[in-house]
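Q: Got chain B sorted already, so can you dock chain A onto it with the hints?
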Amino acid sequence: MNPALQALIVIVVGVGGCVGYFFLSNLFLDKVLFPARGPNAGVNTSRANMIRPWLFLFPAMVALGLYLAYPVFATAWLSLNRNGEFVGLANYSAMFGEPKFWESMRNNMLWLVVVPAGSTAFGLLAAQLTDRIRWGNLAKSLIFMPMAISFVGASVIWKLIYDTRPVEQAQIGLLNALWLKFEGGIGSFLLLRLLPGLFVLAMLALLLWAVWALLRPLVKGGSAGGFWVLAGRIVGALVALFLAWELATWLVGIAGNDLPYGQPMTWLSMPYWNSYFLMAVLIWIQTGFAMVILSAALRGVPEDTIEAALLDGANPFQIFFQIKVPQIMPTIVVVWTTITIVVLKVFDIVLAMTNGQWETQVLANYMYDKLFRALDWGMGSASAMIIMLLVTPILVWNVYNARKEMR
Amino acid sequence: MADLKLVDVEKAYGEVKVLKNINLDIKTGELIVFVGPSGCGKSTLLRMIAGLERITGGDFTIDGVRMNEVPPAQRGIAMVFQSYALYPHMTVRDNMAFALKLAKKSAAEIAAAVDKAARILQLTPYLDRLPKALSGGQRQRVAIGRAIVRDPKVYLFDEPLSNLDAALRVATRIEIAQLKEQMPNSTMIYVTHDQVEAMTLASRIVVLAGGGISQVGTPLELYERPENEFVAQFIGSPSMNLMPGEVVATGAETVVSLANGGMARSAVPTQASDLGLKVNVGIRPEDLVTTTGEAAFTGEVEITEALGEVTLLYFKRQGDAAQVVAKLPGIHAELRHKTVALAGDPRKVHLFANGKSLLYR
Chain B
1 MNPALQALIV IVVGVGGCVG YFFLSNLFLD KVLFPARGPN AGVNTSRANM IRPWLFLFPA
61 MVALGLYLAY PVFATAWLSL NRNGEFVGLA NYSAMFGEPK FWESMRNNML WLVVVPAGST
121 AFGLLAAQLT DRIRWGNLAK SLIFMPMAIS FVGASVIWKL IYDTRPVEQA QIGLLNALWL
181 KFEGGIGSFL LLRLLPGLFV LAMLALLLWA VWALLRPLVK GGSAGGFWVL AGRIVGALVA
241 LFLAWELATW LVGIAGNDLP YGQPMTWLSM PYWNSYFLMA VLIWIQTGFA MVILSAALRG
301 VPEDTIEAAL LDGANPFQIF FQIKVPQIMP TIVVVWTTIT IVVLKVFDIV LAMTNGQWET
361 QVLANYMYDK LFRALDWGMG SASAMIIMLL VTPILVWNVY NARKEMR
Chain A
1 MADLKLVDVE KAYGEVKVLK NINLDIKTGE LIVFVGPSGC GKSTLLRMIA GLERITGGDF
61 TIDGVRMNEV PPAQRGIAMV FQSYALYPHM TVRDNMAFAL KLAKKSAAEI AAAVDKAARI
121 LQLTPYLDRL PKALSGGQRQ RVAIGRAIVR DPKVYLFDEP LSNLDAALRV ATRIEIAQLK
181 EQMPNSTMIY VTHDQVEAMT LASRIVVLAG GGISQVGTPL ELYERPENEF VAQFIGSPSM
241 NLMPGEVVAT GAETVVSLAN GGMARSAVPT QASDLGLKVN VGIRPEDLVT TTGEAAFTGE
301 VEITEALGEV TLLYFKRQGD AAQVVAKLPG IHAELRHKTV ALAGDPRKVH LFANGKSLLY
361 R
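Residue numbers (UniProt numbering), protein chains in the order written: chain B, 1 to 407; chain A, 1 to 361.
Same shape as in the complex, but just chain B:
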């Protein structure tokens, strides 16, 4: 049978099965089990309404239990075994002895800070800039489009952008094609040193301002907000400080490094930078998500607070940073943590582009390496547990925030 036809049948049977389940089970509940007629009509109706949520939740709960809860415990058990023997924490200690594991941890931490920061910042920028223009919706759809591309598909696209050919051949990679246009003259100075230098300097200034803005209430000793706000401020300030440090090292590099003009670069095998080239892919994808959510949040900011700020003499920047952004802070936090969870699970991009070579390994790909290439079930499960431990607190916090937002 044609695979397309098979897929169609699966879709029809799957969707039809779901609809059929909900419709028929509901019918059974209302007509047979607790019919809303006869002497017990009132009692039956309230009983049926008590059972109905469980009826609808039942398939989801079974599927989640089977495919999510059970594997967690099975994996935890596997991580304590080697070749069918219980070995306690031996798998973990072996893993902690591997430099590749620590490389993955380090890279994951870098991803964890850079990707959510980049996606949220660009998303916020796009949301604000497209808000009041006529073709804003068109721009938004274009920025959102990468969300529709799978991570592997996006990786293939970006692998072509980073592609390298020998110097005598025509470059098919966009980045190298652009790079080879520079030959070290005045244009190169302007576009490769001055412009990025100024941009990085501006970002650096913005980050330092953010650090100051986040920490100022602590220094002043004001008591607006509880423990979580305090913790959020400190974490935010540390993240901003780390990013500022990264940018400062870039600035030094932009100012001082000799650039190898005329040579095609193998972008993906440049240690340190190649991680950023991989992150660019995920930022490119997640910016659309951040933009859509933040755009809705920005529209939800009461117009009259903006008008009041206008009357108070605020300029557009002050309105944005001091009136709009603080009011959508809960949404920014939710977007940030949601992207953080995506980042912790990042796997496809690294697998498809470098497979963890040249110091780009991340935890999920490390786990895949151990589980399905080395067939080491013990260490693979142990690394899976580490990922879960990292994701869980963020997930809990995210759910807590999202629920608070909804109330």
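Quick caveat, the hints were computed from the structure, so don't treat them as lab data.
Please read all numbers here as calculations on a predicted model, not as lab measurements.
Note that the Cβ used here is the ideal one computed from N, Cα and C, for glycine as well.
Just to be clear, a hint being listed does not mean it is correct.
[Unchecked claim] Ranges of calculated distance between the beta carbons of each label pair, as one might list FRET restraints:
no. : chain 1 : residue 1 : chain 2 : residue 2 : range
1   : B       : Ile133    : A       : Leu307    : 34 to 40 angstroms
2   : A       : Val18     : B       : Thr249    : 23 to 29 angstroms
3   : A       : Val18     : B       : Asp30     : 49 to 55 angstroms
4   : B       : Arg299    : A       : Glu221    : 44 to 50 angstroms
A: Positioned in the frame of chain B, the structure of chain A alone reads:
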């Protein structure tokens, strides 16, 4: 010192003119109230004065300086919004200090201004709270405080009391009146759809209708000498009874024979040429009294509403004429389903021809 002047101001959205021919002179220290039915443009006019809406025609000046193109913050105005528009993420203190911080005032200056405003509005204990921890009335006072700290020349109020409950509305109304007393040199413009607020607060009321100004005057001028039928019916509750008729005698006292068969006498003078003029006789419900002599209106009482101090009598409609309402002092519930004859004191009987009062010819 702030004299506001609007000359031929208009507002158009594309082809549609929602406001036109707005001419208004507002003197320093006045409290002007804009009233009018929903959609008459009173809030739009206020927002044009604030600078939140563009003025599409005419001139708006403050102390002789044209303000049409001046950004809102530099017009020397402060506005209190209907929804308070407090910054939800700032404490009461920061809400009030925001404008001063933006204006780069010194910390001592800001603290002094905020403390003074807080003292006037009894907000001192709440300075470090967030708006969400305040009651509606307190939020309203913070919104007013935010205006006061800026020490503006002109205060704009956009239906500031409409989100408060009835008891608080009365209390806050009195507070605003006291605030005005304390600041005799500030000019205030106040938008409301509530007549009681308009009548009690205003030094002058501007009645807006149909995209223009219907009448400007002190509250009692508007009540006693309405320029047209719209103002006559808009001011006062229940609204003025209008009964069609024809002038049968002219002079210092005009006599009108009404279509319902009654006779009305009015102290509005008419000339001999007015004989036979079709007019509407306007008598406020509270100006109607029961009579045994010549009656302007005789009819059967359909419903009575006894409020204690007064009783409202709603009469059965006669043909397609508007329902007549009378407001008699005291309790008269027994008048239901009785036939009652009513007349008005000639000094309180208004005459309108083609919608305009004969007083203003």
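Q: So, for every hint listed, does it hold in this structure?
A: Hints and how they fare:
Here the CB-CB span from B:Ile133 to A:Leu307 is close to 57 angstroms, at odds with the stated 34 to 40 angstroms. Between A:Val18 and B:Thr249 the beta carbon distance is about 59 angstroms. The supplied range of 23 to 29 angstroms is therefore violated. Here the CB-CB span from A:Val18 to B:Asp30 is close to 54 angstroms, well matched to the stated 49 to 55 angstroms. Taken as a hint, the range 44 to 50 angstroms holds for the pair B:Arg299 and A:Glu221, whose Cβ atoms sit roughly 46 angstroms apart.
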